Each structure stands twice: as C-alpha cells, then as structure tokens.
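Colleague: In case you want the letters, here they are:
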Amino acid sequence: MHVSMIELKAALRRCFEATGYFVGNYEDAANMILWLEKHGLNGLAELQRALPFIGEDSAKPLSTVVYEDSTSAIIDSNGRSALNCIAASVDLAHAKALENGIATVTVHNCHNRMFILKALTDCGRRGISVAAYWQNGSQTVTEHTAAIKAGERYPSYSEATTTLSSNEEDKQALTIICSSRVDLTSSLQRSKGNRNASYISAKQVELNKEHSVDNGIDIDEELWARINKIGEGVLVENSDRSRQGAGGR
Amino acid sequence: MTTPAAIKAALRGDNALPLRPINQVMDLERLGAIHQSRLSFMRTLVRRIMRERWQIEPARFELDDQGYGTVIYEIKTPNKLYNFVLFSDYLSPDERNDRVIATKWDLTMALVDGEVDDIYLEKLRQNVPKQEAGRVDARVFVLSRANRSARNFDYVVDQLANGKQPDVAQIAKVGYLYRTTAVYGSGKLGMADWEKVASRHADFARPFAAEMFVCLMLRNFSLLQAEHIAQHKAPETYNPMQPEIKRFFGIGNSTGLGMAPYLINHPLLINQWVEMRELALARVRVLGNINNRIQQQFPELLERCAAHTAQTVTEDEWQTGNNQQVLKDLDAIREHTQNGFDSWEDLLQWSEDNCSLQGQEMLVSVMLELYPELVDDLEDYHSAEEFLDLDPVMPLQQLKQVIEDRYQWALTFDFGAEGAKDTFWYRSEEKMEPRLGDARDEDGKEKEMALGVAYAVRRCYDQLSEYMAEHPEHSTARFMVAQPKLRGIVRRIQSMNRCIYGDIQANLLDREILPMHLLRAKLAFFGVGKFDPRSKLWVRNTMFQGAPLLEDIGKTFNDDWFMPLAPNQTPAQEGEY
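Chains Y and E are the protein sequences, given in the same order.
In this text, residue positions in the first sequence follow the numbering used here: the first is 1, and each later residue adds one.
In this text, residue positions in the second sequence follow the numbering used here: the first is 1001, and each later residue adds one.
Worth flagging that the hints you see were computed from the coordinates, not collected in a lab.
Heads up, some of the hints might be wrong.
Computed cross-link-like contacts, DMTMM-like style, restricted to lysine to aspartate or glutamate with a CA-CA straight-line distance of at most 25 Å [what the hints assert, rightly or not]:
1. E:K1130 x E:D1065
2. Y:K209 x E:E1386
3. E:K1445 x Y:E237
4. E:K1104 x E:E1052
5. E:K1445 x Y:E232
6. E:K1447 x Y:E68
7. E:K1076 x E:E1512
8. E:K1447 x E:E1551
9. E:K1080 x Y:E210
10. E:K1485 x Y:E68
11. E:K1431 x Y:E68
12. E:K1076 x Y:D214
13. E:K1104 x E:E1551
Because the structure is a prediction, the values reported are computed rather than measured.
Bound-form chain E, shown alone (with noise of 0.2 Å):
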C-alpha cells in the first residue's frame, strides 16, 4: 500500500525515481500511441468487483420475448446499494444512430443510488429513453444508451436458438452486441455532480469508474437479453453460449471529438493520469525484479500482444498500418530478448531505438503488467483537485522563465507558417456537438473554443515581454490587472508548471492535426482496446473485451484478461450438440 508521501517522494527530490522525459511523453503523437495497461479504469474497476465480491442480481426482469421491455439490475458493494435500470425498446434500422444528434435507441440505462421504487421507475421511464430530452435527479449518477450491432445480435441469437454457438473468427471481427454511444456522468442532465460521486459513493470515487460501471453491465445485460431472445425463439433447441465464448463479447463504443475537449480543459486530472503511468514505468524499471517468472511470462505477454493485434480488425489504412508495425516490433523484441535479458532500462531504451511509438508504448504496457504488486497501488491516486490558480506573486522575469522552461514546445511553432492556425474548434448549435471546422472556407472562427493552448501560449509570451520592457519589476497579479486577456492563459502555465508533466504538447489549431491522437489517448486510459478509426474523428472501440461475467463474481480471478484472446473453438463447438 502507498501513500500520498511515498509518491510524492518517488516523484520528485533526491530520491526521486527515473521518471521518463516531459517533452518525450506528453507528445500529442506519443500519447495518441499507448495502450490499455493493468492502471486502465476498466482493469481498476473490474478488480474492486472481484475483490469486494460485489452481488449484482437482477430484481426486476420484465422482457418480453423479443426482448424488449424493463430490467433493474441490484448492486450491493460493501458500502451500499445501487440499481442500475434498462428500457429496452423496439427501434427500426432506420432509426438506428450512432451519432450524439440520434434521439432515439435500442436500449437507454441508468445507474441510481439506493433503492428503486415503483413511483421512481416511472419517474425515470419517463426521462431515461430520451437521454438529453430528459431530465433526472441527484440520486442517477450515470445515464447512458446504446445500439445493438444489428447483424451480431441477430446472428448470435441464431446461433443459439439454434443450439449451436457463435462463431469465435465472426465475433473477433466484431467482438459485441451492442455499441454505446454515449455515457453521461457528472452532473449531466440533472445527474449527481462529480464532487457528490466522489464524496458520497466510495465505490465510484475514481474518475470514470461509474461510466465504465455502466459498461460493464451493459455488456452484461447484451449476452442475457441475446440469450433471453433465443431461448423464447426456440425452446426447443436453444442452448446457452459458453462461458468462454461470452468473455470474449464486449461492449461497442463509438467515441467522437467530443472527448478531444476534455483533455484539454482537465489538464491537471490528464497530468495525474499520465504521472501514474510515468511512475508504474519508473518503478518497474528501477525495482522490478527480472527472474525466472518473468523471463518466463514475458514472451508470452508479447505472443498474446501479437495475436490480439493481429485479431484487431479495420478498414482504416492507418490503422491497419499500425497494427502491422506493432507486430513487427513485437518480433523485433521478442527476438532481442529471447536469449534473456537483464535489465529493462536499456530494454526500454533499446526500444526507444528500434520501435516505433506505438510498440514502444505496447512495451510499457506489458513491463506494468508483469508487476502487479508494483503498479497497482498506484490506482487510488488517479483523482485531481481542479484548480488553475493564479500565483499573483510570481515576478514576470519568473513568469518568462516558466514559459521559456515549460512550453518551448510551444514556443517553437511557427505561427504565421500556412495552415498553422486554420483548424478550428467549436460547438454547432445541433446538440452542441464539438466540431472541427476549416478557417479557409468555413464561418464560425469567431466562436472557437478556446482549445488553441500553444498558440495562447505564444501570444501571452509576447505581450508579457513586451510589457516586460516596461514594468519588469512588476509581479504577475499587477500584469493581470493590466491585461486580464491573459489571466486564463497565465494561471494555466503557472498551474500546468506545478505538475510533473504539464500540457499535452500540441498545435491543435494546426490543419494537419490528428484528433485521432487526444481520443485514443484518453481511451487508452479507460482501457479499449479494437481500435477502429472510421474518420480522422471518430472511432469504434471495444470495451470489457475478455473481462469476468457477472457469473464470475466470487469465484477465483487472476486478473488476466489484458490484450483478451479469442478463445480456441472446434467445429464441433460451433455446431449442434
């Protein structure tokens, strides 16, 4: 067990641990490269689960036979009781959307603190189908929705129905029943804020645990209904999916632009994330300790590496092309290493030389999870206090040292270059939706949000300087009173100069830029996996993807199911019994 003491200390001061380079990881390009790690919030939260031996039970199930209708999912953890609520509701495939601007779905869900009564369902069956027509109350502290895969779901329920079990190879190319396409949290619509999730239910106190709850059960919920739907088809023949074939689905997500502005105005929480990662790798390279067992395990983390990427299945070219360097990497360390190896710092810097970005981040992945008793301490320390506050005594020499010191990156961007500024970020009135326009034939410059942290931060140097030249002796709050322009951008660099890792390194106003990168990023976090870009801005994903069933609780875990492997099956599995 850590403590805020001891991470301090491995963070910073003399015996602070080798902590990999600013510049080197917050590169926009960089964190668009990592991978689901045993710190993900999904391995996180499936831990608690199992540790805790949460009891999840259905106490409502009102499913007709074609599976739609109501069901209420009991949750008691050790500290207290939830509900999570599913409408299932017929929805034509003309009607079937991805999209944030869809109103309507298959299925739409709730997660509620404490009991759920009659009156109160009502209540939220008259608001959860309509999602953000809707308004619930500080007891919901999740909504969400979701569409099937219309081709799976149906096969699957076939196959079933049929008695036989679905085919292992179609289900690796699409590893789900149904697909979300959003998850709401923190305060939206009405729902509990963060600030009550976090101080009033212990089990969820971590960021996203309670979205990605909602995932979980999702997920859950698919394989019962597809089972519930088949059975009623034909009772007859129908015979339940394999256990290991039903830890193989997943759940679908579909994730737009409209994570891309979250990392950029939580920098503090990104920074928290990132420095937990950073220091999971430090400790590892420093302490984690290379004998039999790892030199055993650790080929065979890279085989399941290789085999789940080649099991990845897209039509995007970029994609694909990553995933084929991802497997030559994987070959080029498993033939470096396979005479043994001593030491993982020059494992990793051999890599640094060798791989590209997205192998070496595969590699960091695989160095966390070799070492649970390392790493996974680490997973209560993924909170941040939110606040950009102004240091008002910082002389403005310092100020320019701190932006001259810390966003360099930002500084050596050429403004005025073609293209540099022509991207921007706004909200179109439909729904709100983030979108990206072009300054060059576009409209709406005017209302960008304001997500352009480099070229602020260029900006700011410059007036700051040439106000320097003026008052050089005057502090940073007498600057503020002059040019309050600024204050937004100048409490930011002096918030970001305080955290070990600081602002994602980027130009996002540049024409060229890959929101793809901030997306995948943030994903990584949440532990997807099955990246699946369909456009430079957005893209499918898996979520829980060989994570334990719900049947699973209480039984032995080993907490392995990082890069998740189709499972083996004979034609006489798939067939009839």
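Next up, chain Y with everything else stripped away, as it sits in the complex (with noise of 0.2 Å):
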C-alpha cells in the first residue's frame, strides 16, 4: 500500500515507543528506518529482519565503553539493535573528532547497523565527515561502507558477498571513523574474492530521495498492519471520562 513518509515515521514512533525505546530513542529508529527507504536502501526490509527482536533489547544492558583514549572509542552495545545505540556511538565519533581532528570508534555486538547511516547522514551535514565499514552473516560473509564528506547531504553505499569465513570477532562489529579535517570516502575493494559488489553513489541516493518526496512510499499490508499494531500500545482505552477528556461535549 502507498504511504506518505510522514505517516510512516509516526508509525514507527509510535512502534518505538510502545516497545519502551526512551524519548529520543523512538524518534531516532523511525528516523533512521526512514532515511533507509525513503533514499532506496531498503529500510522496511531491514526493520522486517530487527521486528521480531525489538521487544528484547529492553531486558539487556545499555551500551558501555569499554576502552576509551582522545582518538578512539571501543563500544560494546551488548547485543542491541543500532535502532536504539548507535547514533550515540556515532556522536561520540564526532565528538573525538571535532576535538582531534579524526577519530575512530569501534562498536561491538550491534544488530542491524545498516541504521547506521541516517546518524552517518547527519554528521555530514553537520560538516563531519565519517565513513562505516561492517561485516554480516554467519554462512555468506557480507561486506558493507558507507561515508559522507563534510558539508554533504547523501553518502555513499557499498555491499558486496566475500569469500570470507565468519569470525566471531567481527560478527556484530561495526567501525566508525571520523573527521573534521579530512573528507572521507569509502569503496569496496573489486578484489579479494568479492562478488555481486554494488555501488550507490551519492547522487543516486539522493536521486531516489526525490522519488520518496514525489510519490511517497509502498509498503506491504501486513508490515504496516504489524507496525501499527504494536504502535496501539500508546493508546488509552476509550471511556465516557476519557472522552471528557477531549473536551467534548
């Protein structure tokens, strides 16, 4: 079905929301689900892969930061989805970076970090530049970038199936890095057994960003019907008092 991204994003807020994400929180994830399908990166695909474990996250421990000196930053998100922590960790990034120049944070056991590039989007057009770089899958090793100059309103995307065999270590990891000196940019490496390697260039981004404002976007029936029933949980039983409530006569 067809509809307008505002909709779409107080939807998700209200999902947010009624899962416990904290205020601020909520807005992000819609936001950053958002960004994802409205600049064509396939947002609603990735939240039908996070749905069935949002509820989770509120039982486990908030980020923490494991090592930290003036240029570098180790996170561990404990097994979060980046919907509700890696805006901060890319705001400590940016923090580092505007204070040294360049910066880089490393977050570990973090879900779904393709989110990552709403919070990436806002550095950049806030004149930082950062670039992202993750790994994903456990049988087929995929490979991900994504960067924004300072200044910029779109970033770049990369993905790309390796040959890799699947490290524990990088399983969940995700790097940041950061700057206020230096553009970044990021590409995949053609080599090192990559296959089904694609590109999307920051003008394609934002070329499909005018597609979203002029058409809106198309959801599935049932991922919509599943947001919005989740989103109920914010709503407040009706009652004759209630309707007092509303000023009603």
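With the hints in hand, could you dock these two chains into one complex?
Modeller: Below, the structure is given as structure tokens:
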C-alpha cells in the first residue's frame, strides 16, 4: 500500500514508543528506518528482519564504553539493535573528531548496523566526514561500507558478498571513522573474492530521495498492519470519562 | 526585500534590534494572549493571491437544487495549476458532529496538484468523503471537511430566496455558514508530505499556506452554495448577497486539543514564528516613524479593534472577561495617546505597566499593522529546518550552564508540589484523539505523550549534576552513551539554545494548565478571530472574516481586513427591494 513518509515515521514512532524505547530513541529509530527507505536503501526490509527482536532490547544492558582515549573508543552494545544505540556511538566519534581532527570508534555486539546511515548523514550535514565499515552473515559473509563528506547531504554506500569465513570477532562489529579535517570516502575493493558488488553513489541516493518525496512510500500491507498493531500499545482505552478529556460535550 | 543575512544581523550581534526578552515573550499566558496580525498566515496568503492575481474559477459545477453534488475549482497561479474538489452530501442533523471522532460531514474536500480527470475524480469520490477512513495519493496535499452552521445557513438561504439580505447583526453573532472541523495536510492519509509541498509547490511553500487556502476556498464555496440553493428555491424573488455582507462571512473553525501537542513537538518552527513577529515589532519600535499619517491611523485602528472586540460574541465567562478587559485597555491607550505620542518604545512600556496581556498584545498587532513596509517582507521567513541536533562535543559544564541560563523557568517549578504532575496528555484508542487525563483518578499515565518539557529538563538537570560529580570532564556525547534515556531532552535543550526564543515556558503537567493558551497562540499565528471557547479544551473561532472574495481578485487591494467589522446596514437593505 501507499503511505506518506510522515505517516510511516509517525507509525514507527508509536511502534518503538510502545516497545519501550526512550524519548529521543524512538524518534531516532523511526528516522533511521524512514531514512533508509526514503533513500532507496530498503529500510523496511531491514525492519522486517529486526522486528521480531525489538522487544528484547529492554532486557539487555545499555551500551558500555569498554576502552577510550582521545582519538578512539570501543563500545560494547551488548547485543542491542543499532536502532537504539548506534546514534550515540556516532555522536561519540563526532565529538572526538571535533576535538582531535580524526577519531575511530569500534562498536561490538550491535545488530541491524545498516541503520547507521541516518546517523552518518546527520554528521555530514553538520560538517563532519564519516566512514563506516561492517561485515554481516554467518554462512556467507557480506561486507558493507558507507561514507559521507563534510557538509554533504547524501552518503555513498557499497556492499558485496565475500568469500571470507565468518569470524566471531567481526560478527556484529562496526567501525566508524570520523574526521573534521579529512574528507573520507569509501568503496569496497574489487578483489578479495567479492561478488555481487554494488556501489550506490551519493547522487543516486539523492535521486532515490527525490522519487520518494514525489510519490511517498510503498509498504507491504502486512508489515504496515504489524507496525500499527504494535503502536497501539501507546493508545489509552476509551471511556466516557476519557471523552471528557477531549473537551467534547 | 530583506535577506537571511539581514535578518540574522537584526536578531544577533552588535547591530541587533532590541527584541523583547525571552522570558516575557515565551510565557504561555502571553502567547495565549496574542492576536491576528499582518504576519498571520491568512493575511500573507491573501496578499499573495491578490498580488499575483490567481485565477480561480469553477471548472465543474454539478450541484442539485438542494446544493448537493460535486464542484471543482481550477486554480491557476503564476507557477502551477491546481484543482480544489468539493463533495457536498446530505447529512441529517443528528449525524452532524464537530468532533474528530465524527464519520460523516456536510462537505468534504481536497486540494489537488494538476488536472483532475473523470477517473481521478472517481478515485477522490471513493475516498475524500470518508476522510480518515479513506486513502489518497501524493497528488493531494490538503484534505478537509466542514459542517453547516445549520441555523445560519438556512436563515441566509431563506433571506436571499425572499429577496432580502441577511441581518448583519445576526452574522456578527455567528459569522460563518460552515465550520471546518479538521484540515489535514503534510502527508496525512497518504497525501503529499510537507517536504514535497515545500519543494515542489512554491505557491504553498509557507507553513500552513495550503491548509489556509482550503479554508478560504471553503468560505467562498459556502457563499456560492447558499446563493445557488436560494436561487433555485425561489427564482422569482431571489436576490444575490451584497458583496460587503458576503465579505463579512468567514469560515467557522473548531479547534481542540490536537493542536496543542503540535506546538510542543515543533519547537524550532514555533520559535521561528515568534522570532519573526518579535523582529517585526523590534523594527517598528526602532524604525517606525510616527508621522501625521500614523498619528491619524493609530486611533482609527484602536477604534476598529475595540469595535471588533465588542462585536465578538461568546458565552464563555473567561473570554468575556478578557474581551471586556481589552476594551478597557484600548480605551486607556486611546486616552494616553489622544494628545499625540512620539515613541513606540515608550508606549509599549506604558502598556506593559497599564494593560492586560491581551491588551498589550493587541497594541503589538496594531503597531505591526501600521508599517507594512517594515513587516511584510518577513512573511517569507516562517519556515524552519526542524533538526533537533545533539551537540556531542559540548562539555557537561557548559550543558549545565545552558540549562541554568535558558531553562531557569523550568527549574523554578516545584514538581513535588501538589498538582504539579497531575495532568497527563495521551492519545485515545478512539481515532488516536489527543486527550487530557487526571493522574489522580484516571488510568493511562504510563502511556502519556512526552509533552512535559519542564519536568524532563528538571530530571535531566538532576541526573546531569549527579553524573558530573563523577565525570566532570566528560562531553555530552559520552554522557549520552551512559544516559541514553536523556537523549531526547538533551538535544532539545541544546537545539533550543541555538534559537533566540526557545521553548514555550509552562509546566504542561500542572493540574491547572490551560491548554486554551496553546490553541489560542497557534490560531493567532494562523490569523483567526472571534475566539469563542467552548470549554478549556476547545475553541470555536472564525477564519477569513473580512477577507476579499474570489470576485475581488484582480481589483484594487489595500490589504486592510485586520479586525474586520460588521458592515453598516440600513433597514431597507435588510428588507425587500
């Protein structure tokens, strides 16, 4: 079915608010999903994969800073979805880059890392260049990278299927490089046995956005119903007393 | 013509104009006391239509004798072609309900980008009358509905059918034929997102311009429809309505709580509106030359404001008291300035010492009205990029200082006091209607909307102070990793600190909170008049009263429909000709 971007965002906000996300986090989560979908990078497909697990994060510990110095940090996200923790990790890299010119933050145990693209784009808009790299998959390992230049509004994104074997160390890890001095770009190397490599330029990402702005978003009806069903958790039961609280007569 | 650089220089820095202080301007009660002005969205829209001479004609007029059927207006602007589509259906009196939860209406309508052919019209017909239960696509960018003011409508039709004019005294009581009960835009129900409207439709690229336009079109249609029915009812005796009486008809509006969360959820946008109004005032205070023209126009406008206020009918005791006080204030201002005056600065100061908030803000609107050359060019600067960005590098010491400087008002509330957290705002399962609850005896507080900004700031401040005892050297980014629950409020604090005016200053959780102030503030920015509160939670008002008619487009235009007055009417005019 067809929905507008703001409808999708509002439904997602309710969905994550009902799931127990904090104020600030549920907006982030909604924005991250919408951003990917709006820019042609399959945010709703990523959400489909994340949805069965989003309720579990409330029982997990918050992200912890395992190591930190002036230009780097290691964060353990304790198995959480990027939807509720990756923005803070990007912010930390952003702060360190502003202070020291360039910084690296490595995040471990973080799911749905594709959602970093929105946080990364926010940095670019605000004059900081960022690149991110991560691998995914147990059987077949895929690798992913995205980058944005300082002052730009759109990042580039690459992904490829590799012949790498799964490495526990790399599983659910993500590396963020952030700089206030150097414009970072990233693309995957063609060698190393990469297959099905794709590169989406910043220009293409922008064109994808223009299409969404003109036409809105198409969403699977079942997924839409599911998001809204979860979102009903924020609604309060109707009653005569409640009706008075709307000021009606 | 102003520029962003000129506006920036006027707001900040060595050459900034003297703006009114933040704590004065952002106080909720004062915001709830402001009135329409020449920067209100209805005024700026009408200026654009009149100056650009938009061509607006009915392209399809299929109403039966009772006024039911379909009408399409074609709108040609200098940039594009749009269509305004109306469906008029029979509604029994017992089905007529102004609440959001209603499911049928007298009129439903849509504003559409481009041509509307028969196939598309059919698609609209299948969905627009259903409103929230229907779906449209991104060609539609406003959807609305309206109910007849049954008594007024029938009365006007009867008068016209009998060759008479409506009694102006009666219209002064209820100045409209229809009340709109919801005007949806910005992506609701599948419509075009604001991002599309702002970037693709230059004619409507100002906040709420498209929504206001639909209300203006509805107003014009309501007059056309009343005349159409009257003419078919008694073709021999029918007389059309006189233009000056037509202009006195506006469109009614019922606004409820739904508007209140908008103001809290769009703080950067609201700040922008306030900044422009205050900048306009500052320009007048400093640059507004008080010459003979002004000495003559000023008392005339005060007189008009007084007459307009006196003609405002409301059963609400609180609003009646406010109106009476405004009349006293206007009298006092008139008396104070009757021998001439030479400084707006002094007069404004005098009003702060001697008038109610509503009276003071009426003076502000009058001051703006007198100086179109200082005010009107700010109408193009009412949009804002709404990014609530975290400043990750800000040291915590600075963050604490920002809270103490910019949110002192929030820190002064005692949230442990009785009643300080009794109100909660929530969405009902009934059409997600926003409602207020009393936490003392109603369920649902755990599902409240995050509108308690003041309380969130207080909690943030306390937790920040605690955290800083251990990590005084940390940045905001590091604090956010440790305290993700505070992410929303911290980035709001930092973002609003970058604005001149910032957040609305009120504890929205207080038992005594008056949501009416929030509704009133937004409606004043829209430009409505004739506030008639029906409870502390919803208000009736009138839009576009006094505005030019469609048939006035292309004729001379003096943009002088501020605080409109009932036209003079002789008994002969009311009677048969």
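Colleague: Does each hint fit the structure? Answer for all of them.
Modeller: Checked hints:
1. With a CA separation close to 24 Å, the supplied pair K1130 of chain E and D1065 of chain E stays within the 25 Å bound.
2. Annotation: proposed proximity of K209 of chain Y to E1386 of chain E holds, straight-line Cα distance about 18 Å (limit 25 Å).
3. Restraint check for K1445 of chain E and E237 of chain Y: the C-alpha separation of about 12 Å stays at or below 25 Å, so the hint holds.
4. Taking the CA atoms of K1104 of chain E and E1052 of chain E, the gap is near 36 Å; set against the 25 Å cutoff, the hint is violated.
5. The suggested pairing of K1445 of chain E with E232 of chain Y holds, with an alpha-carbon distance near 15 Å, which does not exceed 25 Å.
6. This hinted pair does not check out: K1447 of chain E and E68 of chain Y have alpha carbons roughly 37 Å apart, beyond 25 Å.
7. At most 25 Å may separate the alpha-carbon atoms for a hinted pair to count; K1076 of chain E and E1512 of chain E exceed this at roughly 49 Å.
8. Distance hint between K1447 of chain E and E1551 of chain E is unfulfilled; the C-alpha atoms sit about 50 Å from each other, more than 25 Å.
9. With a C-alpha separation of about 19 Å, the suggested pairing of K1080 of chain E with E210 of chain Y holds against the 25 Å cut-off.
10. In summary, the hint linking K1485 of chain E to E68 of chain Y is supported, as the alpha carbons are separated by about 22 Å, within the 25 Å threshold.
11. Between K1431 of chain E and E68 of chain Y the alpha-carbon distance is near 49 Å, which puts this suggested pair outside the 25 Å criterion.
12. For the hint linking K1076 of chain E to D214 of chain Y, the alpha-carbon distance of about 21 Å falls within 25 Å, and the restraint holds.
13. Proposed proximity of K1104 of chain E and E1551 of chain E is contradicted: the alpha carbons are some 31 Å apart, above 25 Å.
The structure fails hints 4, 6, 7, 8, 11 and 13 (numbered hints given earlier, in ascending order).
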